[in-house]
Each structure stands twice: as C-alpha cells, then as structure tokens.
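Participant: Here's the letter readout for the chains.
2 protein chains.
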Amino acid sequence: MTESWRIPTVAIAVDLAVLTIRADQLNILLVTRGVEPYAGRLALPGGFLSSDDEDIDAAAARELAEETGLSAKDLHLEQLRTYGAPRRDPRQRVVTICYLALMPDLPLPLGGGDARAAQWVPVDKALSRKRQLAFDHAKIIADAVERARSKLEYTTLATAFCGPVFTISDLRQVYEIVWSESLDPRNFHRKVTGVDGFLTPTGDRAATNGGRPAALYRRGPARTLHPPILRDGNP
Amino acid sequence: MTESWRIPTVAIAVDLAVLTIRADQLNILLVTRGVEPYAGRLALPGGFLSSDDEDIDAAAARELAEETGLSAKDLHLEQLRTYGAPRRDPRQRVVTICYLALMPDLPLPLGGGDARAAQWVPVDKALSRKRQLAFDHAKIIADAVERARSKLEYTTLATAFCGPVFTISDLRQVYEIVWSESLDPRNFHRKVTGVDGFLTPTGDRAATNGGRPAALYRRGPARTLHPPILRDGNP
DNA sequence: GCAAAAGTGTTGATGGTACACCCATGG
DNA sequence: CCATGGGTGTACCATCAACACTTTTGC
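Taken in order, these protein sequences are the chains called A and E. The numbering of the first sequence is my numbering, which starts it at 224 and goes up by one. The numbering of the second sequence is my numbering, which starts it at 224 and goes up by one.
Rather than coming from a laboratory, the hints here were simulated on the basis of the structure. Take these hints with a grain of salt, some might be off.
The list cannot tell twin chains apart, which means a pair is met if one copy fits it or any two copies do.
Unchecked claim - Calculated pairs, DSSO-like style, for lysine-lysine (alpha carbon to alpha carbon, straight line, at most 27 Å):
1) Lys362 to Lys348
2) Lys414 to Lys353
3) Lys374 to Lys414
4) Lys374 to Lys353
5) Lys414 to Lys348
6) Lys362 to Lys414
7) Lys353 to Lys296
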C-alpha cells in the first residue's frame, strides 16, 4: 500500500478481454502479473485510468495498442461491462471498466512498447484453471466469451476473427469454434451469402487444400444479420 | 466546487434510467437538478459512489430504493453501460456507471427518504428536448430505451412493466408502446401462450372492459424467449 | 479416375402473417 | 340483440434442416 497516495480512494481501471482464434481454439490474451497481489498469476491486460483528458474508450484503445500493436480501428473493440465488487482488489477499492476486443490470429508480441509477457491462452484452459487467474478475471472472461457467442448470432462480428480476405469455410470455422458446435457447410454457405452486405466477393479464389478452390470474400458493409444465425443450444 | 475535497480526482457516479409505462407512453424517471452545473435541468437520478464496502450493483439498488421506495428484488435492474467522456461533467472528471430499471406504473413519489422532485417524463418528450437534459443524459436515455426495446425481443422482460397479475392485452400494449408498433392481438396471443414458462395462468379473469373478460396471468419462470418475438423495423 | 472440398437443388417440417370465425360479457 | 374485446382455426408464405447431387481442383 506504499503507493496508495498516488491513486485516488476509488481507482478506475480499464481491462481488456482480447479474443482470437488460434489452432482451432478460442484464445484469450493474458499477461503474467509481476507484482503483488496475484504475482505470477495470469490476468487480463489493462491499467489504471489516468485522470487527464483521456476518454475511457480511448484508454481501452491505447491499452490495446500497447499490448498488440494494433490500432482500434483495425479491429473490433466494445465496452463489455464494469466490475466493482468491494474487495475484488485486496489493496484498495478498484472499479474496472472492461472491454471486449476481437481480432484475427496475428503473431505476438506485436512490438508494442510495453513488453510484458502477453500470451494467448485457450479459453477452455483458462476457465478450467480459475485459481490461476488474478482477481475476478475468470468471471470477466466468461462474460466476454458469452458476449462474443451471442453477438455472432445477430451481427456480422465473426468477420472480426478473420483476416482481410477469407473463405466461407474460414467463417464457418469461426462459428463452429466459438459456439463449440458443428454446422452444415452447405446450409451455412447459403445462409451467409444470402445476407445482404455481409460478404463482398473479391473475385479471387483461395489456394486449394484438397478440393475445389473456395471463393474469397472481404467483410461487407452490413453490421447486423437479418435474419440472425441462431445457435442450437438456445432452447 | 466547495465539496471537491470529498470526491477523489476521478469520481465514480451511479445513475439510473428507470422506465415505466404510463398513460400509453414510455416514461423515464427524472429529477430536477437543484445545484450547478445544469441547475434547473432534468437529469437521471443518481449519486456518487461511496468508497466504503458497497458493491456498485448494491449502490444502484440503494439509489433506486431512495427514489422509488422499491427494493431491487421487486423489479428488474441491470447494468446498462459506463460513460466516461472527459468533460461530461464540467467540474471534474466523473465516470458514471448507468443502470437500467423497468417497473410497473406505480404512484410517485413513493415515500423515499430522499424527497427530491422525481417525476415521470415521456421518453419522446425528453429526447425531443435534449437541451433541457443535464450532462450527456440524452444519450444515456437513448441507449436505455434501445436496450429495453431489444430485450423485449428475446427475453421475458416485458412482464417487468406489468403488475403482478396482468392480461395478455396488457402485455401486448407493453410491446406496442415500447416498440411504437401495433401487433395483431390474435397472433400475439398465440405466440406468448406458446412460449413455455413465459406466463402462468392464475385461473382468474379480469373485470371486463367492454368484451369478453380476459384471463389473468402471472410471470412464469422463463427468462428468455424461444422463439423470440421480433420487431418489424429490423431489416 | 478418385478423393476432397465447394457450391446448388429439392423436399418436408416448422414458424409466421393475415384473417375468418367463435366466445363471453355489458348494455 | 348488438357492440366489444378475448380467443381459436386455418390457409398461405417464408425460412430452415437434411441430404442428394453437381462442380472444380490435386494427385
């Protein structure tokens, strides 16, 4: 608590839940804490809000750039929820505003100035070893994953996990991995090509990997899906 | 600014967007500010978070009880979003965690200890006179209404606007008013009675208001709607 | 040709809309 | 009886899951 004079009585933090798909699994970006409390444990990247003129959305974007080297306009970033249980940080009262980011699988570390040991951890693994996570971050991760899962249903966000050009198979695998559910490739194809503005054909074709080469697409202008693509597990 | 010594450099507020249906309109609970800034303007009820051991959800519930006299377990209360633009409060940096509450139309003031002038204001009126609202509260109200609108689609939340017992007509009017859209009474009836756990019949019937008396229902155990009841305006 | 993946056509089930029709009450 | 709102039946249409089938590549 020697640093408590530097931080207001109720401190405000901004934490990031950054998701990607890697090796057929949903992964989350975690850092290893170097200091107490929870030294050595895995935690969401984040930091305290400075009291200057920085907007909280901008603070989240800045943290994201520091961790990944990516600008917020290159990927999806949205506010998830604010967590403020009284003793979630044993040092003092901390209220943390959490953000959800989705990005394609890019190499890490991405040359950010902040060279803390950020690593991709499969979400399943992180959530099955809750004791290794700092603070209430297991709960935050679970909320982030659930938000991502449900957003795939009625928005075009799945494309945020893909690179700039992708095949319909790539997109289907995003859905299958995030939902842990297999989808019929033929019906999926029809469904996504039927939504206006979801996908823009590039005209090119992907290198074949054993069969007929797939058409390549970019993400289209649509942001919501009409009709939605619904999960099975719902009822 | 005489009280600024009591508030940390970055202050945390909890604000409430309390919605109800009154006189066939969606209404929001607003207070008239007595002090600068924005003295005399309408604002969302709320207050600063104390740095003691109060959870932020509990702080929202306490504010709600002070304004309406109702306990949080009697009505729906959920976190909406956190707003933290740098100059949203001209005095100092304030980050506000906003909550959305839905309640049936009950008389106000509800005998809370805090006798500030809380009043119901039709949402349309509030949003068409944005200049009369304090801070960024017009934006918050718009977000709250949009959240309520979309939650009616896939949750059973519409019952939160009704009293403990209600008719299917009452429920339909909730949808019609919140969505500003008229629905076919016959198809609506079939739809809601077809969702398992949405409605529990009481066995009683309402006093007639000109026609056959309607069956009375309580809210059932279901919290999500399968299938959803979708708005028209979507595509 | 054969395997493998992409993409199309078809069919039967399901859920939605529109609307005709019957039910129960007050006046 | 009539007016009024509550509630059911039904016909038609859109969407969807399931799966047979065709297309396009590598080997």
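Participant: So which of the earlier hints does this model not fit?
Facilitator: 2, 5, 6 and 7
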